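Colleague: Sequence:
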Amino acid sequence: MRGGGLLVAGTTSDAGKSVVTAGICRWLVRQGVKVAPFKGQNMSLNSFVTREGAEIGRAQAMQAQAARVEPTALMNPVLLKPGSDRSSQVVLMGRPVGELSARGYHGGRQKELFEPVMACLEELRGTYDAVICEGAGSPAEINLRRTDIVNMGVARAARLPVLVVGDIDRGGVFAQFFGTTALLAPEDQELVAGYLVNKFRGDVTLLEPGLDMLYDLTGRRTFGVLPYAHGLGIDEEDGLRVSLRGAVRESVVAPPIGEDVLRVAVCAVPLMSNFTDVDALAAEPGVVVRFVDRAEELVDADLVVVPGTRGTVKALAWLRERGLADALARRAAEGRPVLGICGGFQALGERIEDEVESKAGTVDGLGLLPVRVRFAAEKTLARPVGEALGEPVEGYEIHHGVAEVLGGESFLDGCRVGAVWGTHWHGSLESDGFRRAFLREVAAAAGRRFVPAPDTSFGLLREEQLDRLGDLIEEHADTDALLRLIENGAPAGLPFVPPGAP
Numbered sequence: 039m040r041g042g043g044l045l046v047a048g049t050t051s052d053a054g055k056s057v058v059t060a061g062i063c064r065w066l067v068r069q070g071v072k073v074a075p076f077k078g079q080n081m082s083l084n085s086f087v088t089r090e091g092a093e094i095g096r097a098q099a100m101q102a103q104a105a106r107v108e109p110t111a112l113m114n115p116v117l118l119k120p121g122s123d124r125s126s127q128v129v130l131m132g133r134p135v136g137e138l139s140a141r142g143y144h145g146g147r148q149k150e151l152f153e154p155v156m157a158c159l160e161e162l163r164g165t166y167d168a169v170i171c172e173g174a175g176s177p178a179e180i181n182l183r184r185t186d187i188v189n190m191g192v193a194r195a196a197r198l199p200v201l202v203v204g205d206i207d208r209g210g211v212f213a214q215f216f217g218t219t220a221l222l223a224p225e226d227q228e229l230v231a232g233y234l235v236n237k238f239r240g241d242v243t244l245l246e247p248g249l250d251m252l253y254d255l256t257g258r259r260t261f262g263v264l265p266y267a268h269g270l271g272i273d274e275e276d277g278l279r280v281s282l283r284g285a286v287r288e289s290v291v292a293p294p295i296g297e298d299v300l301r302v303a304v305c306a307v308p309l310m311s312n313f314t315d316v317d318a319l320a321a322e323p324g325v326v327v328r329f330v331d332r333a334e335e336l337v338d339a340d341l342v343v344v345p346g347t348r349g350t351v352k353a354l355a356w357l358r359e360r361g362l363a364d365a366l367a368r369r370a371a372e373g374r375p376v377l378g379i380c381g382g383f384q385a386l387g388e389r390i391e392d393e394v395e396s397k398a399g400t401v402d403g404l405g406l407l408p409v410r411v412r413f414a415a416e417k418t419l420a421r422p423v424g425e426a427l428g429e430p431v432e433g434y435e436i437h438h439g440v441a442e443v444l445g446g447e448s449f450l451d452g453c454r455v456g457a458v459w460g461t462h463w464h465g466s467l468e469s470d471g472f473r474r475a476f477l478r479e480v481a482a483a484a485g486r487r488f489v490p491a492p493d494t495s496f497g498l499l500r501e502e503q504l505d506r507l508g509d510l511i512e513e514h515a516d517t518d519a520l521l522r523l524i525e526n527g528a529p530a531g532l533p534f535v536p537p538g539a540p
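Using this note's numbering, the letters of the sequence shown map in sequence onto residues 39 to 540.
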């Protein structure tokens, strides 16, 4: 039997679509509903490798965890990984198929992808009781409607009801709801069932007159008002949407403040990818994680992380221009900890030969690790397991660079020289025993008395956060009405009444 479904759209990017989709998935699975997430097209530098070796958006992997199912390529058939302001690598069904400009993608290739996107959705709907789809950006991007394969194009083809999410914390949410609906074509307007207010602070009764007026103007109800929730610690999709000056990765567990707090500085390199790697550090009580872009911000750091990037050569140039390269070299000489992950690991090596990503040819690395990297046309996608510091480790790999390790102490697939560590493995710090062993080494090198909490489980903390999302839906949304939408499909031709209409 064909499963039910819902499309969660948003008035803007970062309105809360990803977390609302995850919350609905967690709420449904707790009701005994077999549910799966879906996003036809995702643009993100935060990605994940499924067990079948497919690359998908990390947000969809998180949503699959919320639904308590194994993530697969069906859940995110098209992933766009930006390489510049104007071009992206296109990943189809978990495998890269080429690099395209925005004009080239929207000018023709996107249309070709509509059929496989819909085939994936239909396969999921044939397997699950419900599929909760996430839109991208805003459904009212009217310049892109002709080639849309993720918002109203999917909703109309699959006859899905649409729930529009708005972030009231930004202000202007009523105008956003009204304007989004007004800009849609009549055939698309018919599918908009109503609205969900996200990140509300204060007394909800003060909001209710506005919700009533919105109903009078649009003929659509509001399905709930979700309160602002601090410290969700859930994977982000598109990157850090804050100014990097003073940005702090929000900890799941508030750290104590004192002399033995471990300070982690993450170099905010261009095209930073999978910065979620440091979430497991932020989850540890007593660890503070900051994103930095100036050399002087490394001075008091106990650990510096050079994270993954979609542009290793560009990141190298950025590190040198800002004096961070010299600061990293001084740290290495002083025996102060540095960790390079994926592209950051490559940057710490001696030499990079890149005719694939940047096409820059041979470029000198920072020379902090005895590693030479050659970029291969085929991308490595893997889910390795191993051991480091006497502890089991799991991770995932997403990279074109092939590393030749010429010395140092073996460390996962990379190496260690003194206090400088490098690996291609994303997610390794989520392995609790390894993370604690690594932090003990960092603390010893930094001269801190810091001792990691013996019972911090990153997996358990993530489950608790996903349950919090489910609680938000269960406690603050009209779940009976949502369930009817999911089960019964698109509403039947709701009218749109513009201001002043008779």
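Treat the hints as calculated values from the structure; they're not laboratory data.
Watch out, some of these pointers could steer you wrong.
Pairs of lysine-lysine, DSSO-like flavour, derived with a Cα cap of 27 angstroms [claimed, not checked]: (1) K417 - K397; (2) K149 - K352; (3) K397 - K352; (4) K237 - K149.
Each pair of labels, with its calculated beta carbon distance range [said to hold, decoys possible]: (5) V242 - G405: 49 to 59 angstroms; (6) G70 - E179: 31 to 41 angstroms; (7) P154 - L244: 42 to 52 angstroms; (8) P529 - D52: 21 to 31 angstroms; (9) E425 - V135: 13 to 23 angstroms; (10) K72 - P154: 50 to 60 angstroms.
Predicted model only: the values in this text are computed from it and were never measured.
Idealized CB from N, CA, C, for every residue including glycine.
Colleague: Tell me the hint numbers this structure goes against, listed in increasing order.
Modeller: Going through the list in order, the structure violates hints 2, 4, 9 and 10 and respects the others.
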